[in-house]
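**Q** Sequence:
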Amino acid sequence: MISVIGIVPTLHISAMLQLVNKVIHLVSYVSNRGLYDKTWSERILDADFYYHSAYFIVCILGVTVHPFIYAFLLYDIVASDETLRSVISSVTRNWQSIILTALLALFLVYQFSIIGFVFFQKDFRIEVDRLNDHSERLTISAGHEDDPPKCSAPGEECPEATAVAAKDEEDDKVFACNSLRMCIVTTLNWGLRNGGGIGDVLRNVDPDTAVIIFLITLKPTAIFNSQEPLFHFRVLYDLAFYVVLIVIVLNLVFGVIIDTFGDLRKEKNEKEDILNNTCFICALERGRFDKRAVTFEEHRRKEHNLWHYLYFIVWLQIKDETEFTGPDSYVSQCIKDRNLDWFPACRQSH
Numbered sequence: 001m002i003s004v005i006g007i008v009p010t011l012h013i014s015a016m017l018q019l020v021n022k023v024i025h026l027v028s029y030v031s032n033r034g035l036y037d038k039t040w041s042e043r044i045l046d047a048d049f050y051y052h053s054a055y056f057i058v059c060i061l062g063v064t065v066h067p068f069i070y071a072f073l074l075y076d077i078v079a080s081d082e083t084l085r086s087v088i089s090s091v092t093r094n095w096q097s098i099i100l101t102a103l104l105a106l107f108l109v110y111q112f113s114i115i116g117f118v119f120f121q122k123d124f125r126i127e128v129d130r131l132n133d134h135s136e137r138l139t140i141s142a143g144h145e146d147d148p149p150k151c152s153a154p155g156e157e158c159p160e161a162t163a164v165a166a167k168d169e170e171d172d173k174v175f176a177c178n179s180l181r182m183c184i185v186t187t188l189n190w191g192l193r194n195g196g197g198i199g200d201v202l203r204n205v206d207p208d209t210a211v212i213i214f215l216i217t218l219k220p221t222a223i224f225n226s227q228e229p230l231f232h233f234r235v236l237y238d239l240a241f242y243v244v245l246i247v248i249v250l251n252l253v254f255g256v257i258i259d260t261f262g263d264l265r266k267e268k269n270e271k272e273d274i275l276n277n278t279c280f281i282c283a284l285e286r287g288r289f290d291k292r293a294v295t296f297e298e299h300r301r302k303e304h305n306l307w308h309y310l311y312f313i314v315w316l317q318i319k320d321e322t323e324f325t326g327p328d329s330y331v332s333q334c335i336k337d338r339n340l341d342w343f344p345a346c347r348q349s350h
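If you count the sequence shown from 1, position 72 lands on 72 in UniProt numbering, and the numbers rise without skipping.
There could be a bad hint or two in this list.
With a straight-line Cα cutoff of 30 Å, these simulated DSSO-like cross-link-like pairs (lysine-lysine) come out [what the hints assert, rightly or not]:
1. Lys-271 / Lys-302
2. Lys-173 / Lys-122
3. Lys-271 / Lys-291
4. Lys-319 / Lys-302
5. Lys-173 / Lys-271
6. Lys-302 / Lys-336
7. Lys-302 / Lys-268
8. Lys-302 / Lys-291
9. Lys-319 / Lys-336
Computed spacing ranges between beta-carbons, pair by pair [to be verified]:
10. Asn-277 / Leu-73: 37 to 43 Å
11. Trp-307 / Ser-14: 33 to 39 Å
12. Ile-7 / Trp-307: 44 to 50 Å
These are calculated hints, taken from the structure and not from any lab test. As the structure is a prediction and not an experimental result, all values here were calculated from the model. Positions of the beta carbon are idealized from the N, C-alpha and C atoms, including for glycine.
Generate coordinates for the entire structure from the input sequences, incorporating the hints supplied.
**A** Next comes the structure, spelled out in C-alpha cells:
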C-alpha cells in the first residue's frame, strides 16, 4: 500500500482503521463487563476502563493533532505481556520505600551542597560545550611543525597555538556554584550521574609538597603555607559523597526494586505450581490421587472440568428464570451473592 499511494495516505488510513477498531473494542468491553448495569461507583473503580479510554483518546489525538502521538501506543505491549507488567510492578509495588529512600538522598545532596558551597565553591568548575562558538575566534589550521601558525582570517596576527588552546579550554569551564541553588542543582545532576560521585567533575586539586610535609612532620604551619590548605578535607568530601550516596543510598533503591522483582517471580512460580498440581474446582492436590483409580489429569478433565463449570454459569445467565429447577435456582442465587458453597470444595465428585 505504501508503494501504491505513498507513506502519508497509508498513515492516515491506518490511523482511521485503528480509531474505528478501538471504538468497537471499547463498546465491546463495556458490554462484556456489564458496565451499563453497574452503578457509577463501580464504573469509576474499573481501572481497565480508564486504560482503554486513554488508548482511545491517544488515537483521536494522533488523527487530529500529530502522528507522533501514536508513539504512546507502543506502551500497550506492557499491558499485554505479563513479564513487563511484573517489571513495572517491581517499581510500583514498594513505591513508598523507594520514595522515602529518594527523599533521604535529596537530604544528603542538600547537606553536601551546603558543604561544597561554603568550603569548595571554587572547585565547582564544570566543563561545558557551548552551543554557538564566537564567530570572531580565529581558528588555527594544521600544518607542518616548522611552519608558522596560519589563521583563517587573512591579514591578522594569530597568537600561538598553545595560548589559543589554553584560552579555549578556560572558556569551556564555568563556575557552577555561584549560589547555593546552583550548587544543589550541580551536585544533584552531576554527582548522582557519575559513577565516582561529585569528585569526578570537580576541580582536580594539587597535593603539593606542603601537604606531604604536614603528613610527615605533623606541623600545622606547613598547611597554612600550602596552596591547597583544604586538600585533605576535599579528599574526605569526595570519599564521603561516593560512599554514602553512590555506594549505599543508590544501591538501597536498586535493592528494593530487585527484591520486589524476586518476590513477584516467586509468587508467580507458586501460583503456577498451585494451578498445575491442584484442582481448581475442589482444591484437591495431585498427591491425593496417587492411590486412586482416577488420575489427577482425568479428574480435572472429566469430573471437574473448569470449562464445564464456566459453561454452566453462562447457561444460567441466558436461561429464563421461570424455567429454573431447584438446583438451578440455588446456584444462580449463589452466583449473585458471590457464594462458592455450590462448589465441591475438598471432595471428589462421584
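**Q** For every hint, state whether the structure bears it out.
**A** Status of each hint after checking the structure:
A distance of roughly 23 Å separates the Cα atoms of Lys-271 and Lys-302; the hinted pair therefore holds under the 30 Å criterion. For the suggested pair Lys-173 and Lys-122, the alpha carbons sit about 12 Å apart, so the restraint of at most 30 Å is met. Using a Cα cut-off of 30 Å, the hinted pair Lys-271 and Lys-291 holds, with the two alpha carbons roughly 25 Å apart. The hinted pair formed by Lys-319 and Lys-302 meets the criterion: a straight-line CA distance of about 24 Å does not exceed 30 Å.
For the hint linking Lys-173 to Lys-271, the alpha-carbon distance of about 58 Å lies beyond 30 Å, and the restraint is violated. The straight-line distance between the Cα atoms of Lys-302 and Lys-336 is roughly 27 Å, inside the 30 Å bound, and the hint therefore holds. Using a Cα cut-off of 30 Å, the hinted pair Lys-302 and Lys-268 holds, with the two alpha carbons roughly 27 Å apart. For the suggested pair Lys-302 and Lys-291, the alpha carbons sit about 18 Å apart, so the restraint of at most 30 Å is met.
For the proposed pair Lys-319 and Lys-336, the alpha carbon gap of about 15 Å is at most 30 Å, so the pair holds. Distance hint check for Asn-277 and Leu-73: the Cβ-Cβ separation is about 39 Å, which falls inside the suggested range of 37 to 43 Å. At about 37 Å, the CB distance of Trp-307 to Ser-14 agrees with the hint of 33 to 39 Å. Remark: the range hint 44 to 50 Å for Ile-7 to Trp-307 is upheld by a beta-carbon distance near 46 Å.
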